[in-house]
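From just these sequences and the hints, can you work out the full model?
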Amino acid sequence: MDAVILQVLNGLDKGSAYALIALGLTLIFGTLGVVNFAHGALFMIGAFCAVTLQRILTFSYSVIDETQKDFLGNPLKVETPYVVSWFGEATGNSIIDWSVPLAILFSIPVMIAVGFTMERGLIKHFYKRPHADQILVTFGLAIVLQEIVKAYYGANPIPTPAPDALTGSFDFGVLIGFGENAIIYPIWRLVYFFFALAIIFMVFAFLRFTTFGMVVRAGMADRETVGLLGINIDRRFTIMFAVAACVAGVAGVMYTPINSPNYHMGMDFLVLSFVVVVVGGMGSLPGAVLAGFLLGVLEAFASMNEIKAIVPGIDQIIIYLVAIAILLTRPRGLMGRRGVMEE
Amino acid sequence: MGILEVKGVNKRFGGLRALADVNLTVAENSLHAIIGPNGAGKSTLLNCLVGKLVPDTGSVMFDGQSVLGQTPHEINQMGISRVFQTPEIFADLTVRENVMIPCFAKRDGTFRMRAIRKVDAEAEINEMAEKILVDVNMQDRIDHHAGSLSRGDKRRLEIAMCLVQRPRLLLLDEPTAGMARADTNRTIDLLKEIHANRDITVAIIEHDMHVVFSLAERITVLAQGSPLVEDTPDNIKGHPKVREAYLGEAH
Amino acid sequence: MIGLNRKDALLFITVTVLVILAPFILNPFPEGTAMAQMFNAGYPDLMQRFVIFGILVIGFNILFGLTGYLSFGHAAFLGIGSYSAVWMFKLLSYNVVPAIILAIVVSGIASLIIGYIALRRTGIYFSILTLALAQMCFNLAYSVLGNPQKGINLTNGETGLQVYTSDPQYLMGENAPELPHLFGLVMRDSLELEIGSWAFTLNAGYYLCGVIMLATFYLSIRIFRSPFGLMLRAVKSNQQRLSYTGLNTRPYTLCAFVVSGMYAGLAGGLLSSMDPLAGAERMHWTASGEIVIMAILGGAGTLIGPILGSGFIEYFKNILSKINDNLLHQWLSFLPDGLEDALVWVLHFFVGKGWHLTLGILFMLVVIFLPGGLVELGKRTGGLFDRFRNAAEGSGKERNQSPRKAAE
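Protein chains in written order, with the working numbering: chain W, 52 to 394; chain U, 149 to 399; chain D, 9 to 416.
Simulated from the structure, these hints should not be mistaken for laboratory data.
Each residue gets a CB set at the ideal place from its N, CA and C atoms; glycine is no exception.
Worth double-checking, as some hints may not be accurate.
Stretches of chain D that chain U covers, calculated by requiring three or more beta carbons in the stretch to come under 8 Å of a beta carbon on chain U [claimed, not checked]: (1) 232-246; (2) 258-269.
Below, computed lysine-lysine pairings styled on DSS-like, alpha-carbon distance capped at 25 Å [what the hints assert, rightly or not]: (3) Lys302/U with Lys254/U; (4) Lys387/D with Lys201/W; (5) Lys387/D with Lys179/W; (6) Lys340/U with Lys302/U; (7) Lys385/U with Lys340/U; (8) Lys302/U with Lys179/W.
This is the structure in structure tokens:
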């Protein structure tokens, strides 16, 4: 039992990332009718926002400290981040320590800018073009974005640790009535899960309870009719694109302590997020979220040693197999509606 | 016995009852019009006949065979051809190719892999295509891109594509919608000629009364998803129920 | 003429002549010069890639160009073909014929399975499904089926599949060559020609691939002009009308998918025949993306487009990856120092290892401004030239343009 719960927990962090990316993909697809192959790149840019902020915060000047000597006996150069000298030792260091959560604030304006530029500068011109062209141009953009990041940050993963207070593990089993050390779980992963839940909740609330959201939902259901009502949908859709970019971006920011970001992380996640969207049902927001968590957990179970002993390597392909099975039995996915992507 | 027998067909979309207990018989070799105000269920009915929609209950028999559960291409192979409200043609292909495709479908069935033989070498198919284009008076546009034709020509091309298959039943969905009067009249003449010279039963869904009364032999009036009356055009003209249905819409 | 109409026959003959003369055409600069180092492309390895990727994209074009179904997973079939061929080398002998045959058969079966699943949906869905299924094949090849320690080892995982001396090679003759060969003609053998200061390499492997490429090109022309090809174009143009015309679209698209998958498998088999190695990286989605780029860049749906596109990309990939900072400094040395450094710094990102960035940008530009690819560019420049000539002649009577005729 405790092993089962542990695997469910293990699947939640990846599942959260899938769910958040798939949510953004579905939003963009449902509103703009465009499949955004560059959506993984937005996730990756978000992650590198965290890297960038960390670099900015640790931007240092060096002072030669005569009182200390290095091992050659020369005066030691001490690197002091500007932040530390401005805010003092304690505050400065804790700002650096908390750079990943702070990067959320940093990433939101960046992602809005990126999303806005992408939509207005490029994707807008592709609404009337065939789907193949939309796929191709966003795919090209994804390559360009990831190559730029690679050129600037290099090809190696860059470690971006979580705040000290949130690193390490805690005994989750005790909380729910198991013995000690039954379920040990990293704190940050749980943080990530709750963070993802909060974001998902915010997106749904936004769509549910605001006029803006109502129009967007109506637009997702029937674009033409809403257009006939004289509502300027295009502007709203631009905003929706920026929102989706933000969701992907913050998902990327918070993911960095779990896996050190590298330039191709976006595409790795994108392929699986597409599978998530297909399984959940194209155009269905709850479907995307549900399928994201489901497949994340499934992947975690498949990577258990007991399972891998029976079917070696099953963890690498389980998601695809499930997607195929679902597609053959329920062609519209778990929660897909009729009429979406039928032609 | 009619060539097309619709019995007790119901179709719901969520809470909306689009078709309510529709019974309809189209006699062989007749020219039958289905009219009715907007939202009467005309297009839904048509979609049920060609396999695009499946009715919730009821039966649709074509020449003694059920069409329910059949795919559109199977229904076409049974001998039902459909003309759409907005012309559905192969816009990227030439007029000749547009007409050749139904010829292939007629001769080779739903699928046949002929990857090496040349299209140009299919003399019989080419002949059929050229002949039908002469019939609809489009022979001078044979090598044009279908997408570059005028709307009236697109409609005539689409009708030619259906005719070349020698269907037993030709279904037309508002064939003159959005056409100028001259084009409309030419289309009426074409349909009259088709009906007179070929053994094709024609069922037409139409909004335009001018078209209906200059063509139809029998008329079914559909209102709110069920047939109101069915009679000859002369009797329909002054029928109080029909008037009511249309006037009701005007209010 | 040769079963083609005049225009197609002319095109085919032109391509044939180009393939035969490529070792000469691609080496325009005398041996040993700086220009030769940079721009000469007449060496066997690169020329083989030209024709092999030509085959791959010709096949891809039968699917994408004719039906409009954008497959994002064609590299999977390339990889499957490569592995199959290497297995033939391991089991039978280094003769390339069984290798190529098995490559085609296995990739045909794989494309039948993948096509059957993916073609249940159309449009974007189809692209996503092919992408996902191909990525699954990549994972299978990279880790699941390639674990030397336990279970089945079909692909040898990260290391890649290669031939070892311990392999059985049941049909290996006494004096048979230890390298891939066609009934004794070793693929790596070349005839070196030196004419003046020029050097040309006539490579056996290149000519084998070239002949096969011409055969596949011929087949693709026949498919384009066949009733089958007509149906595929009809699928792209209006699938709804096609099914209301009594034709079942799915077997047509599935056939196109399998044919193009077999083309890709053939290309993979040839890659392994030139160099008996197969690795999973050939199946990665980036490789699939590259195939799409080649097809679009050349001009999807045209006959010559795939050959132009694959040649262009392979050639520039080769050149761009050769350029480095030193070379840039050398070229730009005529500029003032500051400007030179700045320009080199900028260009640095686009050359050498950064050529992917150039590729991505080029790709976007083509999709945005030139959806018809190089073929359309050619037509447009041709049209521009005609207009220019007409204007120069100054005769107003040339104005009566004939009604727009179909190009093909």
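Okay, the hints, checked on the actual structure:
Judged by the Cβ-Cβ criterion of 8 Å, the segment 232-246 of chain D is covered by chain U as claimed, because 12 of its residues qualify and three suffice. Chain U is given as covering the segment 258-269 of chain D, and this holds because 4 residues of the stretch bring a CB closer than 8 Å to a CB of that chain, at least three being needed. A distance of roughly 21 Å separates the Cα atoms of Lys302/U and Lys254/U; the hinted pair therefore holds under the 25 Å criterion. Note on Lys387/D and Lys201/W: the hinted pairing is violated, with a Cα-Cα distance of about 37 Å set against a maximum of 25 Å.
At most 25 Å may separate the alpha-carbon atoms for a hinted pair to count; Lys387/D and Lys179/W meet this at roughly 24 Å. Of the supplied pair hints, the one linking Lys340/U and Lys302/U holds, its CA atoms being roughly 18 Å apart against a limit of 25 Å. Between the alpha carbons of Lys385/U and Lys340/U the distance comes to roughly 20 Å, so the proposed pair stays at or under 25 Å and holds. For the suggested pair Lys302/U and Lys179/W, the alpha carbons sit about 22 Å apart, so the restraint of at most 25 Å is met.
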